[in-house]
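K.L.:
What follows is the residue order along each chain.
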Amino acid sequence: MTMRILARLFQVFGTNKTSWVGLALFVAICAMALLAPWIAGTDPLEQDIIAKLRPPSAEHWFGTDEFGRDVYARLVWGARISLSVSISAITLALVVGGTIGLVSGYVGGRFDMLVMQVMDILLSFPALILGLIIVALLGPSQANLIVAIALTALAPFARIARAPTLIVKERQFVEAGRALGFGHGRILFVHVLPNIVSEVLVMASLWMATAVRVEASLSFIGLGVRPPTPTWGGMIRDGFENILDAPWLCIYPGLAILALIFSLNMLGDGLRDATDPKLRGE
Amino acid sequence: MTDPVLTVRGLRKHFATGGGLSRAAAVTVRAVDGIGFEVGAGEAFGIVGESGCGKSTAGRAILRLIEPDAGEVVYRGQDVRAASGAALRALRRKLQIVFQDPYSSLNPRRSIGRALAEPIEVHGIAGSAQEVRARVASLLEEVGLPADAAERYPHEFSGGQRQRIGIARALSVEPELIVADEPVSALDVSIQAQVLELMRRLQAQRGLSFVFIAHDLGVVRYFCQRVAVMYLGRIVEMGTAAELFGDPLHPYTRMLRDASPVPDPALRGRMPRIEGETPSPANPPSGCHFHPRCPHAMPACRERYPEETRVGGRMVACHLHSPSGG
Amino acid sequence: MIWYVAKRLLAAMPTLVAVLTVVFVIVRIIPGDPALTVLGDQATPQALAALREKLGIDKPLLAQYFDFITAALTGDLGRSLVSGRPVIQEVVAVLPHTLDLTISSLVLGTALGVPLGVWAALRRNRLADYVIRIVSLVGLSFPVFVSGIFLLMVFSLHYRLFPVIGTSNLADLGDRTWKLVLPTITLGLVMVAYITRVTRSAMLQVLSEDYVRTARAKGVPARLVIRRHALRNALIPVVTVVGLYLGINIGNSVLTEIVFNRPGLGKVIVTALNQRDYAMLQGLMVIYCFLIVVTNLLTDLAYGLIDPRVKQA
Numbered sequence: 167m168t169m170r171i172l173a174r175l176f177q178v179f180g181t182n183k184t185s186w187v188g189l190a191l192f193v194a195i196c197a198m199a200l201l202a203p204w205i206a207g208t209d210p211l212e213q214d215i216i217a218k219l220r221p222p223s224a225e226h227w228f229g230t231d232e233f234g235r236d237v238y239a240r241l242v243w244g245a246r247i248s249l250s251v252s253i254s255a256i257t258l259a260l261v262v263g264g265t266i267g268l269v270s271g272y273v274g275g276r277f278d279m280l281v282m283q284v285m286d287i288l289l290s291f292p293a294l295i296l297g298l299i300i301v302a303l304l305g306p307s308q309a310n311l312i313v314a315i316a317l318t319a320l321a322p323f324a325r326i327a328r329a330p331t332l333i334v335k336e337r338q339f340v341e342a343g344r345a346l347g348f349g350h351g352r353i354l355f356v357h358v359l360p361n362i363v364s365e366v367l368v369m370a371s372l373w374m375a376t377a378v379r380v381e382a383s384l385s386f387i388g389l390g391v392r393p394p395t396p397t398w399g400g401m402i403r404d405g406f407e408n409i410l411d412a413p414w415l416c417i418y419p420g421l422a423i424l425a426l427i428f429s430l431n432m433l434g435d436g437l438r439d440a441t442d443p444k445l446r447g448e
Numbered sequence: 002m003t004d005p006v007l008t009v010r011g012l013r014k015h016f017a018t019g020g021g022l023s024r025a026a027a028v029t030v031r032a033v034d035g036i037g038f039e040v041g042a043g044e045a046f047g048i049v050g051e052s053g054c055g056k057s058t059a060g061r062a063i064l065r066l067i068e069p070d071a072g073e074v075v076y077r078g079q080d081v082r083a084a085s086g087a088a089l090r091a092l093r094r095k096l097q098i099v100f101q102d103p104y105s106s107l108n109p110r111r112s113i114g115r116a117l118a119e120p121i122e123v124h125g126i127a128g129s130a131q132e133v134r135a136r137v138a139s140l141l142e143e144v145g146l147p148a149d150a151a152e153r154y155p156h157e158f159s160g161g162q163r164q165r166i167g168i169a170r171a172l173s174v175e176p177e178l179i180v181a182d183e184p185v186s187a188l189d190v191s192i193q194a195q196v197l198e199l200m201r202r203l204q205a206q207r208g209l210s211f212v213f214i215a216h217d218l219g220v221v222r223y224f225c226q227r228v229a230v231m232y233l234g235r236i237v238e239m240g241t242a243a244e245l246f247g248d249p250l251h252p253y254t255r256m257l258r259d260a261s262p263v264p265d266p267a268l269r270g271r272m273p274r275i276e277g278e279t280p281s282p283a284n285p286p287s288g289c290h291f292h293p294r295c296p297h298a299m300p301a302c303r304e305r306y307p308e309e310t311r312v313g314g315r316m317v318a319c320h321l322h323s324p325s326g327g
Numbered sequence: 007m008i009w010y011v012a013k014r015l016l017a018a019m020p021t022l023v024a025v026l027t028v029v030f031v032i033v034r035i036i037p038g039d040p041a042l043t044v045l046g047d048q049a050t051p052q053a054l055a056a057l058r059e060k061l062g063i064d065k066p067l068l069a070q071y072f073d074f075i076t077a078a079l080t081g082d083l084g085r086s087l088v089s090g091r092p093v094i095q096e097v098v099a100v101l102p103h104t105l106d107l108t109i110s111s112l113v114l115g116t117a118l119g120v121p122l123g124v125w126a127a128l129r130r131n132r133l134a135d136y137v138i139r140i141v142s143l144v145g146l147s148f149p150v151f152v153s154g155i156f157l158l159m160v161f162s163l164h165y166r167l168f169p170v171i172g173t174s175n176l177a178d179l180g181d182r183t184w185k186l187v188l189p190t191i192t193l194g195l196v197m198v199a200y201i202t203r204v205t206r207s208a209m210l211q212v213l214s215e216d217y218v219r220t221a222r223a224k225g226v227p228a229r230l231v232i233r234r235h236a237l238r239n240a241l242i243p244v245v246t247v248v249g250l251y252l253g254i255n256i257g258n259s260v261l262t263e264i265v266f267n268r269p270g271l272g273k274v275i276v277t278a279l280n281q282r283d284y285a286m287l288q289g290l291m292v293i294y295c296f297l298i299v300v301t302n303l304l305t306d307l308a309y310g311l312i313d314p315r316v317k318q319a
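Chains as they are written, first to last, in the working numbering: chain X, 167 to 448; chain L, 2 to 327; chain H, 7 to 319.
These are calculated hints, taken from the structure and not from any lab test. Certain hints may be false.
Across the chosen pairs, the derived CB separations fall in these ranges [unchecked claim]:
{"no.": "1", "chain 1": "H", "residue 1": "P169", "chain 2": "X", "residue 2": "L280", "range": "30 to 40 Å"}
{"no.": "2", "chain 1": "L", "residue 1": "G11", "chain 2": "X", "residue 2": "L280", "range": "31 to 41 Å"}
{"no.": "3", "chain 1": "X", "residue 1": "P393", "chain 2": "H", "residue 2": "Q95", "range": "30 to 40 Å"}
{"no.": "4", "chain 1": "H", "residue 1": "D82", "chain 2": "X", "residue 2": "L280", "range": "25 to 35 Å"}
{"no.": "5", "chain 1": "L", "residue 1": "P286", "chain 2": "X", "residue 2": "V261", "range": "45 to 55 Å"}
{"no.": "6", "chain 1": "X", "residue 1": "A224", "chain 2": "H", "residue 2": "V141", "range": "31 to 41 Å"}
{"no.": "7", "chain 1": "X", "residue 1": "L332", "chain 2": "H", "residue 2": "L67", "range": "30 to 40 Å"}
Since this is a predicted model, take the numbers as computed values, not measurements. Ideal placement from N, C-alpha and C gives every residue a C-beta, glycine not left out.
Using the sequences and the hints, build the whole thing.
P.N.:
Here's what the structure looks like:
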């Protein structure tokens with residue numbers, strides 16, 4: 167099973183150069199986050215009042231911030247927050263939203279219509295505004311941030327899981343399962359779920375990009391993971407105050423965010439093209 | 002007939018289509034409109050009719066894959082419609098279904114072995130994993146598939162082979178009665194005969210009863226002992242296959258028989274076509290539903306639905322044969 | 007057309023109530039005790055009780071719900087906990103700035119995005135297409151605060167072409183426009199990228215339809231085929247996306263306003279956040295709901311203009 171998925175993945179990627187580039191870039195950023203303790207060089211929290219706001223040099227590749235902390239080290243460690251928050255949020259949205267869509271589509275009828283109308287309304291809120299309000303009400307912490315971002319991505323996952331469920335549940339093997347006395351839970355999770363997983367996963371890579379953007383934006387507004395923990399959005403927020411004297415404080419984290427989102431967009435784009443022949447070349 | 006295994010009385014299923022959240026635009030389709038019949042032990046009972054006559058809905062309503070609106074379904078003295086929970090699960094073991102479409106009836110992501118083992122495990126039929134494997138192997142053998150089929154996936158099999166797998170899956174829970182919903186109509190003619198042969202052998206070996214749903218009279222004539230003819234949700238004629246096709250009483254049965262290919266060249270050329278199209282079951286004609294297409298239509302046919310009348314061992318619903326009409 | 011508009015307006019009412027209900031659920035049910043959130047752990051029980059009463063959250067949930075919906079529908083959005091002024095007043099004061107920004111970026115996005123998308127579709131799989139696709143993907147990947155800061159650094163700080171501070175005098179049209187340029191580009195960039203991509207794929211879809219092929223086969227000049235047949239039909243999905251994106255645009259305007267230090271809804275929201283002005287936040291949520299419903303309404307109406315089938319339905 168795993169081998170078949172891998173084989174399919176390679177088949178998909180083989181035809182699409184942009185998704186290869188996207189994947190490579192994404193893997194590189196993930197590696198940076200994982201290897202942070204070894205490649206960051208210095209402690210991202212260590213302050214050095216004498217060496218504050220230093221421009222990029224051989225010693226401090228990306229310069230230092232207003233507390234004399236090494237921007238490069240903070241950037242490398244910041245990747246961890248961006249990635250862990252977005253991956254957790256998307257996983258949460260995928261599991262909860264996917265289950266909502268699966269159950270709603272399977273149950274059908276008025277229940278389904280009601281659930282989908284609620285999801286449509288949730289979908290019409292801009293992700294950033296929704297995330298902003300939720301974090302504001304819950305209070306800024308990493309867990310709340312994850313919940314807020316997951317909520318903004320709930321509706322798309324519910325929608326994307328529901329559509330194929332509607333098709334799969336009409337297939338006769340589902341009816342056969344009922345005739346054989348299988349419970350609804352078994353039919354849903356053992357028989358329907360594996361048949362819709364690929365659609366949902368493609369969606370996950372596209373929404374990862376949005377999650378990263380929302381996380382960075384919330385951190386920039388000051389609703390991210392609390393300082394002094396380095397986050398890319400937070401670094402730009404701090405650097406923005408010194409934009410006249412130390413532009414590097416904004417440039418490098420900005421480029422890092424751009425690279426991460428761009429890699430995810432390329433990856434998701436390629437995957438979507440490959441799984442949906444109708445959209446090929448979009 | 003000995004004590005029936007399955008008794009169906011006044012079975013009804015109407016569908017509301019259209020509408021949406023509001024019921025204003027809804028239209029009622031009388032898919033099954035009060036049908037009744039009995040199936041004996043080891044008997045193959047056929048239900049024939051054109052597409053849209055409600056025969057598949059009837060088959061599913063018997064198994065409660067679709068909840069019927071009214072009527073009785075009794076399996077060996079037990080009320081199928083009242084069953085729930087463990088009792089329903091126990092009934093599901095005894096009443097099984099084989100589907101028409103061999104491509105959609107198997108989960109593409111599960112190997113044949115797992116598809117056959119799953120019901121055995123769910124119902125706790127086998128004690129150990131080893132026993133499950135042994136049962137799967139013997140099921141495969143019984144339906145004429147090689148033992149290594151267990152490792153493979155549905156897409157690796159032909160339509161006929163998949164239909165055998167579907168039959169094996171139905172057999173995995175050791176049922177007494179199988180509803181076969183057009184089990185061979187999606188297959189090539191040469192394969193049809195093999196699958197029918199298999200089902201007939203299983204009927205003899207396991208003492209299985211069948212409710213055999215089909216639109217192909219030739220297949221029904223070959224496989225079934227007794228047959229009911231359905232038209233727009235109702236049974237219009239019911240009797241033994243030999244009587245019914247040898248000397249049809251209802252004009253619709255006659256029309257169906259005459260339209261089906263007959264292997265006698267001498268009769269060729271005299272075959273009348275089926276005239277007209279089946280009206281929509283959402284809006285059936287008044288009186289006898291068949292009267293607009295019937296060559297013998299009388300004024301009475303337009304006004305009221307004919308009573309079900311016994312003629313010999315048969316039942317027919319037609320004014321030509323009702324004691325009051327004619 | 008008037009009938010159509012009236013019908014749409016009527017249909018928007020339940021949507022509005024539904025959207026408000028979602029807001030109520032988010033605002034009242036998720037956070038637990040807002041009074042505690044506002045005042046913090048050290049607050050005295052008396053202070054908490056007083057604030058609860060002021061916010062109307064001491065009543066049963068269902069009563070709160072009806073109060074909330076009726077107040078929202080009658081335009082009563084409450085008063086700010088900090089300034090004591092009505093929320094609606096604070097919002098109306100800054101709304102022109104936000105509308106300036108969202109509308110001008112929408113215009114920019116459409117004016118650039120549609121032609122670029124059409125061009126890319128016509129040059130499918132050639133150099134122009136590849137460049138447009140990659141560049142638009144990059145544009146889509148910029149969080150607006152990053153692109154905003156980059157533009158600010160280059161054009162305001164380095165070349166000193168545009169002012170750093172965005173507060174403009176609404177009465178002075180020249181000043182108002184001048185200060186709008188960079189924020190509009192910031193917000194419009196994402197819009198351009200998005201509209202380009204949607205137009206391109208919609209165009210490709212339409213160009214493969216039978217009626218376009220027929221027109222070409224009949225010898226209708228390519229320019230005419232595109233203008234008369236393809237573009238009009240390709241615009242339908244574009245309108246949907248523009249409508250959808252207007253909502254995202256409203257969200258992104260928050261960030262743009264922070265970066266360029268412009269007054270606007272975004273600034274009001276962030277100030278309310280920092281001051282824990284719960285009543286203000288709730289009122290702003292309602293405002294956003296209205297904006298979202300109005301946006302959807304406008305999208306529907308735009309459909310009616312482009313696609314004659316919609317009006318008849």
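K.L.:
Would you mind marking each hint as holding or not holding in the structure?
P.N.:
Hint check results:
Checked against the given bound of 30 to 40 Å, the beta carbons of P169 of chain H and L280 of chain X, roughly 51 Å apart, lie outside it. Between G11 of chain L and L280 of chain X the beta carbon distance is about 35 Å. The supplied range of 31 to 41 Å therefore holds. Here the CB-CB span from P393 of chain X to Q95 of chain H is close to 35 Å, well matched to the stated 30 to 40 Å. For D82 of chain H and L280 of chain X, the hinted distance range of 25 to 35 Å is satisfied, since their beta carbons lie about 29 Å from each other.
Remark: the range hint 45 to 55 Å for P286 of chain L to V261 of chain X is upheld by a beta-carbon distance near 53 Å. The hint said 31 to 41 Å for the Cβ distance between A224 of chain X and V141 of chain H, and at roughly 34 Å that hint holds. Between L332 of chain X and L67 of chain H the CB atoms are about 34 Å apart, so this pair conforms to the stated range of 30 to 40 Å.
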